[in-house]
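Using the sequences plus the hints, can you model the full thing?
From first to last, the protein sequence lines are chains C and S. Those letters in the first sequence? Residues 4 to 263, per the numbering used here, in order. Those letters in the second sequence? Residues 4 to 263, per the numbering used here, in order.
Please note that the accuracy of each hint is not assured.
Since copy identity is lost for identical chains, a pair holds within one copy or between any two.
Subject to a maximum C-alpha distance of 25 Å in a straight line, what follows is the list of computed BS3-like cross-link-like pairs (lysine-lysine) [stated by the list, open to error]:
no., residue 1, residue 2
1, Lys-60, Lys-202
2, Lys-199, Lys-6
3, Lys-154, Lys-177
4, Lys-60, Lys-209
5, Lys-223, Lys-167
6, Lys-223, Lys-209
7, Lys-199, Lys-154
8, Lys-202, Lys-167
9, Lys-60, Lys-197
The set of hints was computed from the structure by calculation and includes no laboratory data. Note that the structure is predicted; figures quoted are calculated from it, not measured.
Number of protein chains: 2
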Amino acid sequence: MSKPLILVTNDDGITAPGLRTLVRCMKELGEVVVVAPDSPQSGMGHAITLDNTLYSKRVVIDPEAGAPKEYSCSGTPADCVKLALQELLDRRPDICVSGINHGSNASINVIYSGTMSAAIEAGIEGIPAIGFSLCDYSWEADFTPAEDAVKKIVAQALENGIPKGVVLNVNIPKTDKAGLKGIKVCRQARANWKEKFDKRTNPSGKDYYWLTGEFQLLDKGEDTDEWALSQGYISLVPTQFDLTAHFAIQDINTWNLHEH
Amino acid sequence: MSKPLILVTNDDGITAPGLRTLVRCMKELGEVVVVAPDSPQSGMGHAITLDNTLYSKRVVIDPEAGAPKEYSCSGTPADCVKLALQELLDRRPDICVSGINHGSNASINVIYSGTMSAAIEAGIEGIPAIGFSLCDYSWEADFTPAEDAVKKIVAQALENGIPKGVVLNVNIPKTDKAGLKGIKVCRQARANWKEKFDKRTNPSGKDYYWLTGEFQLLDKGEDTDEWALSQGYISLVPTQFDLTAHFAIQDINTWNLHEH
Numbered sequence: 004m005s006k007p008l009i010l011v012t013n014d015d016g017i018t019a020p021g022l023r024t025l026v027r028c029m030k031e032l033g034e035v036v037v038v039a040p041d042s043p044q045s046g047m048g049h050a051i052t053l054d055n056t057l058y059s060k061r062v063v064i065d066p067e068a069g070a071p072k073e074y075s076c077s078g079t080p081a082d083c084v085k086l087a088l089q090e091l092l093d094r095r096p097d098i099c100v101s102g103i104n105h106g107s108n109a110s111i112n113v114i115y116s117g118t119m120s121a122a123i124e125a126g127i128e129g130i131p132a133i134g135f136s137l138c139d140y141s142w143e144a145d146f147t148p149a150e151d152a153v154k155k156i157v158a159q160a161l162e163n164g165i166p167k168g169v170v171l172n173v174n175i176p177k178t179d180k181a182g183l184k185g186i187k188v189c190r191q192a193r194a195n196w197k198e199k200f201d202k203r204t205n206p207s208g209k210d211y212y213w214l215t216g217e218f219q220l221l222d223k224g225e226d227t228d229e230w231a232l233s234q235g236y237i238s239l240v241p242t243q244f245d246l247t248a249h250f251a252i253q254d255i256n257t258w259n260l261h262e263h
Numbered sequence: 004m005s006k007p008l009i010l011v012t013n014d015d016g017i018t019a020p021g022l023r024t025l026v027r028c029m030k031e032l033g034e035v036v037v038v039a040p041d042s043p044q045s046g047m048g049h050a051i052t053l054d055n056t057l058y059s060k061r062v063v064i065d066p067e068a069g070a071p072k073e074y075s076c077s078g079t080p081a082d083c084v085k086l087a088l089q090e091l092l093d094r095r096p097d098i099c100v101s102g103i104n105h106g107s108n109a110s111i112n113v114i115y116s117g118t119m120s121a122a123i124e125a126g127i128e129g130i131p132a133i134g135f136s137l138c139d140y141s142w143e144a145d146f147t148p149a150e151d152a153v154k155k156i157v158a159q160a161l162e163n164g165i166p167k168g169v170v171l172n173v174n175i176p177k178t179d180k181a182g183l184k185g186i187k188v189c190r191q192a193r194a195n196w197k198e199k200f201d202k203r204t205n206p207s208g209k210d211y212y213w214l215t216g217e218f219q220l221l222d223k224g225e226d227t228d229e230w231a232l233s234q235g236y237i238s239l240v241p242t243q244f245d246l247t248a249h250f251a252i253q254d255i256n257t258w259n260l261h262e263h
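Quick look at the structure:
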C-alpha cells in the first residue's frame, strides 16, 4: 500500500516555525507536499483571490534528503488549497492539514481564521481536513510539546475517516509537555471580541485606526473548547460548513412574509 | 418612539448600485447610517485588518435633503461593522443590513461572502442582521423588482426579532417583478465550485494563474436555497456562526485519542 499523501498548508506563511513543525510530524505519517502562502495571511478568513493574478513557485526550504515538495503561493490559504488540488498535486491527497497556527483559533476565532479556511476549503472538496493552532502568538512559540498529539490526531483521522461535511479545529494550550492533560472533543464556546480602535493621526494630519480588542468568553459551559484549553487539554471541535441554523427555520416560518 | 437605527454596509463598495437600492429601501423604515468599503471587497470572506491601518471618512454620495450619514472605510466589510459599532455610531443600531450584493451568496457561496461576513460580524455583536444578494453579477443589474420583499423582510425582522446566534442570508433570483413568486425559508444547499485555473505567462516569462470555476449543485432537495431560487422564489436561510458539528461529537469520541 502506498503511503498516504498529506497536503500541508497554513496562513502564517511557508517559512513559519509552526508549519515546519507540522511538516516534520507529517513526514512520519506519509508523503508530504507543502503549498503555503509566500507571506503571512492571518485574519484573512475565507478570502479568495478573484480580481488578481496568482503566482506559485517550487521552493526548497529544507535542502536535506527526503525533504518534501514545497510550493509557495501569492494567494490566500483558501487559494493555496484550490491551486494544490487543481494544478500542483499529481493525485488527490488523503488528508489536508493546516497550521500549526501561531495563535488560538478556538471559539469565535474560527470565523476569522485563515488556518481553518484552508482546512474548510479542503473539506468542501471532500478531502478530510484538520486545522491546528497553538495558543501562543509568538513567532518563537514552542511547538514541540504538542507533536505527539498532532501525530495521534492525524493518524486517527486517516484510520477512522472524518464524517462527511466536517472539518476538525484543533487548538493546543500554551504549556510544556508535563502540562498537557490529553485531548478533548468539544463544542465551540460562545464568545466575541470587545473591539477597541486605537485612533491616531498620521504625519500629514489624517486620522487612522488600529484594530485592537479583548477576547470576551461569554460561555460558562465545561464542554467547550475554551474550557478544555483552560484546563490544559487540547481541544478538538468538529466544525461544519453547512451554516444553516435548522432550529430557526420553524421560528422564521411564523413571520408574515407571504401576504401581498 | 424613535425610528429604528439601521446600519447599512456591503462588500461591493459604497458607490455600488445594490447598496444605493438598499439605502433607498431602508430610508422608508428608519434612520439610516452607511459605513461601507471605499473599494470592492468581493471574495474577502470574513477577513479583518490586523496588520494595517484603517482609514474612514465622512462622504456625501447623495446631496439631497434627508440623505443618510455615510462613511467610507479602507477596510473589509467586517472592519466596517466593527468600526461603525465602536467608533462611528452614536447608539447601537437596531438592525444591520448588508448588500444588496451583485451576485449570488446562496449555498456554499456564503463561506466566501464579504456581504454575509459583515452581517455575521454584526450578529456576533448581538445585533439582528441580514445579508441581501441578487443573483446577477452585473454592475447594471436591476434591483427594483426585489425592493418590496427587501422592505418586508427587514420590517418583519424588526417586528419579530431574529433568533439569537442567527443571521439571515437572503438571495433574490434574477427576474422581473412578475417572475418573483414570493419568499421561502430554506436550508443551505450542498454544492461546491469546480475550480479551473487559467494558466498564463506574463510579459517577463513568469507563469501566473487566474482563478475561474463552475458552480456544482450536488443537492437535489426541494427545501434548499438553490431550489427556491430556481423556481423564482427569494430564498431566506437562517445562518449561524456556531460552526460546531454537534452530530459528529459522538463519532469522534469513538477514536483512540486518550491512550498514552
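Each hint, compared with the structure:
no.	hint	verdict
1	Lys-60 - Lys-202	between (39 Å within a copy, 13 Å between copies)
2	Lys-199 - Lys-6	neither (49 Å within a copy, 28 Å between copies)
3	Lys-154 - Lys-177	within (18 Å within a copy, 49 Å between copies)
4	Lys-60 - Lys-209	between (39 Å within a copy, 10 Å between copies)
5	Lys-223 - Lys-167	between (30 Å within a copy, 17 Å between copies)
6	Lys-223 - Lys-209	neither (43 Å within a copy, 54 Å between copies)
7	Lys-199 - Lys-154	neither (38 Å within a copy, 33 Å between copies)
8	Lys-202 - Lys-167	neither (45 Å within a copy, 31 Å between copies)
9	Lys-60 - Lys-197	between (40 Å within a copy, 23 Å between copies)
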